[in-house]
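Colleague: All chains, full assembly: derive it from the sequences and hints.
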Amino acid sequence: MVNTEWFSIRTLTLPATAIALLAAFCIVWLVLRMQFSKKWSGVYADAIFTFLIVWKFSLIITDFKAVLAQPFALVYFNGGTLGVYLGATTVLIQLLWKRQKLQFDAEGVSASVWAIILTQSIYQWFVVLLNDNPINSEVITLLVLSILTLFILWKITAHKRVLIIYTVGYLIVATLQPQGLWQPAVVVSVILLMLGLGIQQVGGKK
6 MVNTEWFSIR TLTLPATAIA LLAAFCIVWL VLRMQFSKKW SGVYADAIFT
56 FLIVWKFSLI ITDFKAVLAQ PFALVYFNGG TLGVYLGATT VLIQLLWKRQ
106 KLQFDAEGVS ASVWAIILTQ SIYQWFVVLL NDNPINSEVI TLLVLSILTL
156 FILWKITAHK RVLIIYTVGY LIVATLQPQG LWQPAVVVSV ILLMLGLGIQ
206 QVGGKK
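Just so you know, the sequence shown maps onto residues 6 to 211 in my numbering.
Keeping only pairs whose Cα atoms sit at most 25 Å apart, straight-line, the calculated SDA-like set for lysine to any residue is:
#1 K43 with W102
#2 K70 with L17
#3 K44 with E112
#4 K165 with V191
#5 K61 with I24
#6 K103 with I58
#7 K160 with S115
#8 K106 with V48
#9 K61 with I196
#10 K160 with I32
#11 K165 with P189
#12 K165 with T94
#13 K44 with T94
#14 K61 with A74
#15 K106 with S46
#16 K43 with L101
#17 K160 with W130
#18 K103 with S115
#19 K61 with W187
#20 K165 with G203
#21 K165 with W34
#22 K44 with L27
#23 K160 with S42
#24 K43 with K106
#25 K165 with L148
#26 K103 with S63
Hints were generated in silico from the structure; no laboratory data involved.
Modeller: Here is the structure:
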């Protein structure tokens, strides 16, 4: 989806996509806190913190001259698309690196699948609601991801299959959006698929 709206919070102006992402993080954390043991909502919170820090400070990489000239740029700006990729990749590496310490048991694997799917779906729902894109792509995104998410989380128990089915469905929906497959959310979706499969390998789940 294309970002068409911006929101001001005092002196800070954020794109609707950033608001959607923060809202998704909060809601998914709450769902995990209610659905699973406290440990896994904590793991999710740590991953989100890592993503936000890397995304925010990746501005040093993407526009070092601007940061050097005006350090306060780090407060108002972020690393953009490259920052999103770096943040998601860092989370992938971090969780797989700490996989033995975290001990992803059956509950942990289920929590990771819920987190991966819900974060993407809720983010897309908010992006649709907060922006003004072609009505047909918005309706298709809402309907397909809603049905797919509900069906997968409550009907399918094979986690590997769940992630593959969701990612394929997500990619199909993306092709019907204004930017098609050439959008950061698609790359992040593939990274999250890799993360989910990696966690399942550790947890010994099918």
